[in-house]
Structure formats: structure tokens, C-alpha cells
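K.L.:
Now for the letters of each chain:
Protein chains: 2
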Amino acid sequence: MCQLLGMNCNTPTDVTFSFAGFAQRGGRTDHHADGWGIAFFEDRGLRHFVDHQPACESPVAELIRRYPIKSQHVISHIRKATQGKVNLQNCHPFVRELWGRYWVFAHNGDLKDFRPRLHGNFHPVGDTDSEHAFCWIMQELAKSHAGVPSIHELTLTLRELAPQIAKHGTFNFMLSNGQALWAHASTNLCYIERRHPFNQAHLADDDISIDFARHTTPTDRVAVVVTTPLTTNETWMPFATGELKVFVDGQSRE
Amino acid sequence: MCQLLGMNCNTPTDVTFSFAGFAQRGGRTDHHADGWGIAFFEDRGLRHFVDHQPACESPVAELIRRYPIKSQHVISHIRKATQGKVNLQNCHPFVRELWGRYWVFAHNGDLKDFRPRLHGNFHPVGDTDSEHAFCWIMQELAKSHAGVPSIHELTLTLRELAPQIAKHGTFNFMLSNGQALWAHASTNLCYIERRHPFNQAHLADDDISIDFARHTTPTDRVAVVVTTPLTTNETWMPFATGELKVFVDGQSRE
Numbered sequence: 001m002c003q004l005l006g007m008n009c010n011t012p013t014d015v016t017f018s019f020a021g022f023a024q025r026g027g028r029t030d031h032h033a034d035g036w037g038i039a040f041f042e043d044r045g046l047r048h049f050v051d052h053q054p055a056c057e058s059p060v061a062e063l064i065r066r067y068p069i070k071s072q073h074v075i076s077h078i079r080k081a082t083q084g085k086v087n088l089q090n091c092h093p094f095v096r097e098l099w100g101r102y103w104v105f106a107h108n109g110d111l112k113d114f115r116p117r118l119h120g121n122f123h124p125v126g127d128t129d130s131e132h133a134f135c136w137i138m139q140e141l142a143k144s145h146a147g148v149p150s151i152h153e154l155t156l157t158l159r160e161l162a163p164q165i166a167k168h169g170t171f172n173f174m175l176s177n178g179q180a181l182w183a184h185a186s187t188n189l190c191y192i193e194r195r196h197p198f199n200q201a202h203l204a205d206d207d208i209s210i211d212f213a214r215h216t217t218p219t220d221r222v223a224v225v226v227t228t229p230l231t232t233n234e235t236w237m238p239f240a241t242g243e244l245k246v247f248v249d250g251q252s253r254e
Numbered sequence: 001m002c003q004l005l006g007m008n009c010n011t012p013t014d015v016t017f018s019f020a021g022f023a024q025r026g027g028r029t030d031h032h033a034d035g036w037g038i039a040f041f042e043d044r045g046l047r048h049f050v051d052h053q054p055a056c057e058s059p060v061a062e063l064i065r066r067y068p069i070k071s072q073h074v075i076s077h078i079r080k081a082t083q084g085k086v087n088l089q090n091c092h093p094f095v096r097e098l099w100g101r102y103w104v105f106a107h108n109g110d111l112k113d114f115r116p117r118l119h120g121n122f123h124p125v126g127d128t129d130s131e132h133a134f135c136w137i138m139q140e141l142a143k144s145h146a147g148v149p150s151i152h153e154l155t156l157t158l159r160e161l162a163p164q165i166a167k168h169g170t171f172n173f174m175l176s177n178g179q180a181l182w183a184h185a186s187t188n189l190c191y192i193e194r195r196h197p198f199n200q201a202h203l204a205d206d207d208i209s210i211d212f213a214r215h216t217t218p219t220d221r222v223a224v225v226v227t228t229p230l231t232t233n234e235t236w237m238p239f240a241t242g243e244l245k246v247f248v249d250g251q252s253r254e
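Heads up: the protein sequence lines correspond to chains L and R, in order.
All letters in the first sequence, in the order written, are residues 1 to 254 by UniProt numbering.
All letters in the second sequence, in the order written, are residues 1 to 254 by UniProt numbering.
The following block holds chain L by itself, in its conformation from the complex (with noise of 0.2 Å):
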């Protein structure tokens, strides 16, 4: 099983403490030592990296980890192969463009037998289910919609596009367009929305602490969505099975 990453704010924010402890998950605290990536959005645009190298010993996650990438909205995804080979292709995130508009997707869990015909503008260019339900999921939305659909319409559509993928399997999943992030569980992930008064945070994964107050500003808010908890002092919140959240401005909607 891979690991996933998303974060949400409502400020451009820099993601290097999360990812400090989320890399360590890439080949050292944890066995997914197969390929990772991440995607920032920083308005419409995307700096999207993918290594096939573990996370824990990539240069490119070293820069993650030293380089303050400012962004509203981050995927990022340490792979433990299940389908598909070992190669950069097959790396998470994806991303594809619809409407004018990047989306950003990336997948854990396993599904069986997944792997219908896909009629429309979007084609797998690896081997993997995650990148096949991807494509997928950006025909489904390319039928719905004839432009940009406002957030609520796209969470709708989505509310009725995941529960057919994820009976085939396990489909934890996170989507981004640069507007909000979607996050779907079949088993694991959990969220936790900080905000104004901010405190004090430890990682689990690396012995490091941050004191959150010194960084942000009262009027900030920051989601964030991972596998498993990140930090060890603070509550996460656990997504009910079947569940499909979005994230805007760093908080939950609806």
C-alpha cells in the first residue's frame, strides 16, 4: 500500500514540515520504497516532480525538503508497487488538463479488474489501475460537465463517480484542479484542519517539532490529509469508509 499526501490552505503555504516526515515513510519508517512525487499549484500553474528513486534518499525530495515551496494546494504520494512496474511513468501524482485546468490525482489501494474501455480524451501512459481509474474519472467529468463546473457540482459528480471504482478495490484517493482538493477513503486517511491559535506539532516519522505560531499568521488555515497521522500532540480526525471530502481555503466543506 502507498502512501498519501494532500494539504489545502488559504494562503500559500509551504508543505517542507509534513513532507520532512511523509518522505521518511519512502524507504526509512516505512517500506514504499518504490517511486514518489508531489504536485504544487501556485495559481493555475503546477511544479509537479516524480522520482522512481526512494523518497528517503532522492535529490529531488531533498529539494523538496530544503526548497519552501509556496502553494494552496499539494499532492503528494510515496508508492509501494501493487500494479505496474517500478519506472518514473508509473509514479504519482498524474496529471492531465481539462477545461483550461490542470488535475492533479494520485491513488492508494489496490483495485481488481478495473480497467474499462476508455472512449474519451484520456489515456494511461503507464501500466497502473490508479492511473487508468484517473483517466477514467477526467472522461466521467469531461461527460458531466461542458466547462469548469463549480466546486459543489464537481463533488457531487465525484460523490457519484468514486463509489464505482472503489467497489473493485481498496480507492483511497486525492484530486486537485488548483480550486479545492477531494479526498476519498476506502480504509485509511485521516485530516486535520489547523488553525488560529496555533501550536505546537511533533512528527512521528523524524524527531523534529515546529511551533506553528512563529510561521503563520491568525487569520491563516491549513488542511491536511495523509495516510496515517504525521504528528504525534495532535488530533486527526479519521475518514468514515466511502467517504468524500473536499478541502477549500483549509477547511472541510459542507
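Since the hints were derived computationally from the structure, they do not count as laboratory data.
The structure presented is a predicted model; accordingly, all values stated were derived computationally and were not measured.
Among the hints, erroneous ones may be present.
To be verified - Below, a list of computed lysine-lysine pairs in the DSSO-like style, where the Cα atoms sit at most 27 Å apart:
no., chain 1, residue 1, chain 2, residue 2
1, L, Lys70, R, Lys80
2, R, Lys143, L, Lys143
3, L, Lys85, R, Lys70
To be verified - Stretches of chain R that chain L covers, calculated by requiring three or more beta carbons in the stretch to come under 8 Å of a beta carbon on chain L:
no., segment
4, 56-64
5, 86-97
6, 100-111
7, 123-137
Glycine is no exception: its CB is placed at the ideal position from the N, C-alpha and C atoms.
Since the structure of chain L is provided, determine the placement of chain R on it from the hints.
P.N.:
What follows is chain R alone, placed relative to chain L:
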């Protein structure tokens, strides 16, 4: 005007030497300080780096200079904004997926009044003439072929499409799908094909020399295409106006 760099090889080769000189043009030896980008194919997979900081100052460019990513198909671009704001979504190269392959495009020049209606499945995320032209090319490729055609067929189609755009202004561009590198010149583009016996080369933009004989095997072939020559002691071949060349396995075809 922007600067373009492309590399096509018969064996995965790092672009560190060429990029070291090229990156100096992003704000140091030339005035192209409105961002930069580079894309490396690894098999069907892609590493894509963009930054709207000048290439000579960017921490991501520093990573590329130091970390020898080996690839058979590389496209890089340093931007001097003529149309479109300075932001991440306007940085070249641009990427789209078609027929289960990634396509990478970068443009140097300025197109006047080329904003055809895009009725297909490719829409710009940013607001440059370049990304609009790329989306139009992708739309027309998708209409012309049912699946990935041969390199020869693609070359013929591109030779029909390029002049339709080039009549609107300067249209030097590079395109790759991980199988070949296509390059089209309106004004400035030149290339070199390096092969056995390899010699020393000296960068024009930085005081660096390299003895390629030490880093290659006798069967290696490397083609480099660039806006203006990167080295002072090699013979670079100029493109003719309106010429579209295709490079496969480190050499020009046809």
C-alpha cells in the same frame, strides 16, 4: 525572444554540460529572466521542471546543474515574456497527453493574431500565444491520426501544420513525445550531432570545458539543438527558415 535547447540521443545522456551554459542565459549572459523550464523523458515517463524565477538564480535549476538526470529526449526553455504574464502557468515547456503518450512543447518567438478557436480537447491553462499554438497542434494531430502514428507520418503532419502558424510570426519550436525530437525554425535555431570520435568542447556562456571522449562510448550519438551555439570550438549547423527537422537516436532523419 526566448531561448530553446533540445537534446536527442541514442542512449540516456545527461544534459548537465549544455544546461550549465544555457542556464546562464536566464539572467546572466542574456536577458531572459522571466522563468524557465526543462523536461526529460525517461522511457514514456517525464520529469518536468518549471520555475518563474530566473534560471541563473533558481534552486531548481541548481538541482538540474548538479544532478545528472539521464534522458534520450530533453527540451528546455528560458523565457523572455512577450505575451502573457510572468507566472508559473506561462512557463515552457508545456505538457499534454495524447494517445497514451506525453507531448512536450516549447516555443521561441512571437505570434500575432494566432488565436484559432480550440474545438478539441486541448485548452491553454495560461495566456501565452505559445501554449495556444501547442493546443492547436495537439488538436490537429488528434484529428489527423487515430493513434500514435510513425515518426515519419508525424513529421509529414507537422510539416503541414507548422507553416500555418509560422505565417503569424516567429515560430521556432521544439516538440517531443519520447520517441523523437522535432524542431522547427523561423529565425534562429542550429544543431550539432556529436559522435565518435568525441572531442573537447568549451562553453560560450561559462568558463567550462568538457572532454566528451571521457564520458561516452564509441557508439553514442547525441544531437543538440539550440537557439544560438552553446560552444565556441564546434561547428553548429544553422536551420533554414521554415525548416522542420526530426531527430531520432541522436541524428537527423531524412
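K.L.:
Now tell me if each hint is right for this structure.
P.N.:
Checked hints:
The suggested pairing of L:Lys70 with R:Lys80 holds, with an alpha-carbon distance near 24 Å, which does not exceed 27 Å. Of the supplied pair hints, the one linking R:Lys143 and L:Lys143 holds, its CA atoms being roughly 19 Å apart against a limit of 27 Å. Between L:Lys85 and R:Lys70 the alpha-carbon distance is near 19 Å, which keeps this suggested pair within the 27 Å criterion. Evaluation of the coverage hint for the segment 56-64 of chain R: fulfilled, as 3 residues show C-beta separations to chain L shorter than 8 Å, against a requirement of three.
For a cut-off of 8 Å, the count of residues in the segment 86-97 of chain R with a CB near a CB of chain L stands at 8, and the three-residue condition holds. Residue count for the segment 100-111 of chain R with a Cβ under 8 Å from a Cβ of chain L: 3. That meets the three needed, and the coverage hint holds. With 4 residues having a beta carbon nearer than 8 Å to a beta carbon of chain L, the segment 123-137 of chain R meets the requirement of three or more and the stated coverage holds.
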